[in-house]
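Asker: Listed here are the chains, written in short residue letters.
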Amino acid sequence: MSDHDYRPKSKVGQWFNDRLPLLTLANHLTDYPTPKNLNYWWTFGGILTFCLITQIITGLTLAMHYIAHADMAFESVEHIMRDVNYGWLIRYIHANGASMFFLAVYIHIFRSLFYGSYKAPREIIWIIGIIIYLLMMAAAFMGYVLPWGQMSFWGATVITNLFSAIPLVGEGIVTWLWGGYSVDNPTLTRFFTLHYLIPFLILGLVVLHIWALHVPGNNNPIGIDIKKPSKDTVPFHPYIVIKDGFALLMFMIVFAFFVFYAPNILGHADNYIEANPMVTPAHIVPEWYLLPFYAILRSVPDKLLGVVAMLSAILILAVLPWLDTSKIRSAVFRPLYKQFYWILVADVLILGYMGAMPAEGLYLLIARVATAYYFLHFLVILPVLGFKEKTLPIPLSITEPVLGGSPNLAAARIKESKIE
Amino acid sequence: MKNLYKLFSILIIIIVPNSYSFAAEKVEYLKTDWSFKGLFGKFDRASLQRGYQVYTEVCASCHSMKYLSYRNLAEKGGPEFSEAQVKAIAASFEVTDGPNSDGEMFTRPGKLSDKFVMPYENVKAAQAANGGAYPPDMSVLVKARGGGVDYIYSLLQGYEEAPSNVSLDDGVYYNKYMYGNKIRMSAPLSEGLVEYGDGTSATVEQMSKDVTTFLMWSAEPHLEARHQMGFKAIVYLIILTTLVYFSMKKIWSRVKSEI
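Line by line, the protein sequences are chains A and B. According to our numbering, the first sequence holds residues 1 to 420 in order. According to our numbering, the second sequence holds residues 421 to 679 in order.
No lab work stands behind these hints: they were computed from the structure. Any given hint might turn out to be false.
Said to hold, decoys possible - When the alpha-carbon atoms are kept at most 20 Å apart in a straight line, the in silico SDA-like pairs for lysine to any residue are as follows:
1. A:Lys338 with A:Tyr373
2. B:Lys462 with A:Lys228
3. B:Lys652 with A:Gly87
4. A:Lys228 with A:Val241
5. B:Lys486 with A:Trp88
6. B:Lys535 with A:His79
7. B:Lys496 with A:Trp88
8. B:Lys652 with A:Tyr261
9. A:Lys327 with A:Arg111
10. B:Lys676 with A:Ile224
11. B:Lys670 with A:Lys228
12. B:Lys602 with A:Ile253
13. A:Lys231 with B:Arg674
14. B:Lys486 with B:Ala511
15. A:Lys303 with A:Ala165
16. B:Lys507 with B:Leu488
17. B:Lys652 with B:Leu663
18. A:Lys231 with A:Pro395
19. B:Lys652 with A:Ile253
20. B:Lys676 with A:Ile242
21. B:Lys462 with A:Tyr261
22. A:Lys327 with A:Gln339
23. B:Lys602 with B:Ala622
24. A:Lys228 with B:Lys676
25. B:Lys602 with A:Val279
26. B:Lys544 with A:Val279
27. B:Lys676 with A:Pro238
28. B:Lys457 with A:Val241
29. B:Lys451 with B:Glu580
Whole structure, please, built from the sequences with the hints as guidance.
Answerer: Shown next, in the form of structure tokens:
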């Protein structure tokens, strides 16, 4: 919080602000000094806020018409699709909105990985982000159960069954989660309740995420600490607002394409068959955004260890600030890390693809190698790289490479030293 | 702008391999020119009406369509029968209603607001009448099958003599598009099975196309509205994006920086 000496111009404003400094907050948000070299990868924070709000609004509307009962859920969804005014639109926005949300969050996370945004002093922002991501997965999983189609039912069965891998108490926990001896009406109603609750928890955490961000300020593509406010920063409004707005609109075009022209392409056809406990689908596949973790789960032959591996794959991210030993944040100045970064991106995409394939033969083998590499990246490559890597010289300020007139930093530096 | 290209290529890389429309054994489905595909796709009204005829005269003897009401047949974007026609259609079905003031159930002719009458009382009755196989409800059938309309269209024309290495039980038929090739439904369509009022010749291919179009509508009754709104929404977004882009350029021209 940089600017506490703000005073509203009007008397009424001052009176109000002395009692509740909302205007100070608004002033802080508009004046918030932001690095001027942020690229479009930085616009996904705003896009994610949009996604969350969209999901909450469409979700509230759906909840007015949805019936959380095993005998009526599927029918009530069809009622929404057919008879509720623009129900089809609201439901397709909500269903595709989940995919868009994850698309944006993955870009957001991988941006952080590339530019080292998780490193000191931003560890808390990062850890809150990982908690948000975990809650998103929980919300998305439970949301997918609500239409009570075949994939809802069997997805819920498979995922909740994972808890039975816990020694001794596992079976008891599963029964407790289900509220019975199989996935049934009690499971549906509690999933609905939690699906309704989690977005608001996420909203609260998003506030903390942004608050924590506003303490050190944004990281930036060259990953150096900058003076704020200075020549290197611009006020959030209007510069970042309009840029985020532009990126958001681009994102909305993609979003609209899915909603209006391919609303079911990201879902699974089996979910348009009403849940039937007597018939198991040929392939039980989670939604695309969970596939990499599903691949990790299946690549471990032991059930308990598989669950442990899957959870560790996510939780390992929380300790990333301490696993990455490099002092340099941005991959721009880390030639080796940059290459390993792209290998990791490819590795996660491969895992995602393998998660969609049957766990057998070559698919399983590739999934196993990719799983091993995933952990290798975080547990071995990153810690070692910090000590071994020869990093490039970093500029002193954002303005330097820009004013140097050349994207080549070395050239810019030579020029500068000559001037001196 | 260079970054935007990067961004979009990444989007495509992420989305393409994940639209997993793979099947264990891939068969090439029969293709036809569906009028409802594409940005401006609309249903062929005459085909929908013929499709309803095929559904009601052939499919409906075993397959229910429980999420549709008779009124839907007159609604915009559907077969668009006239209201009088639909009233007549509805009235041709007996609907169980009640209880009346004496506590008795009674039957009456169907009304616009009634749901499509089901061929069987319940799933068990349907199974009992069909050798243990349940004829699936057809309301959202097209969306419930991986290949969608192409799959249904092909399946209806996919009946063949079983190859010599495949043995079939009684009441099981060979269909080259069916998952596992074995199907409990005998070939439902045959040349001239229905008599089209508009003089279209009722070939198996024609009937398959018509009834599949009808099933697409029953699964997505608001498809036309969706396509129309989608086009408007995207054009609007593109115009707005362009305006915002130039505003952004203007605002950022005050700062020495690349955006």
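Asker: To test your reading of the hints: which numbers does this structure violate?
Answerer: 2, 11, 12, 23 and 28
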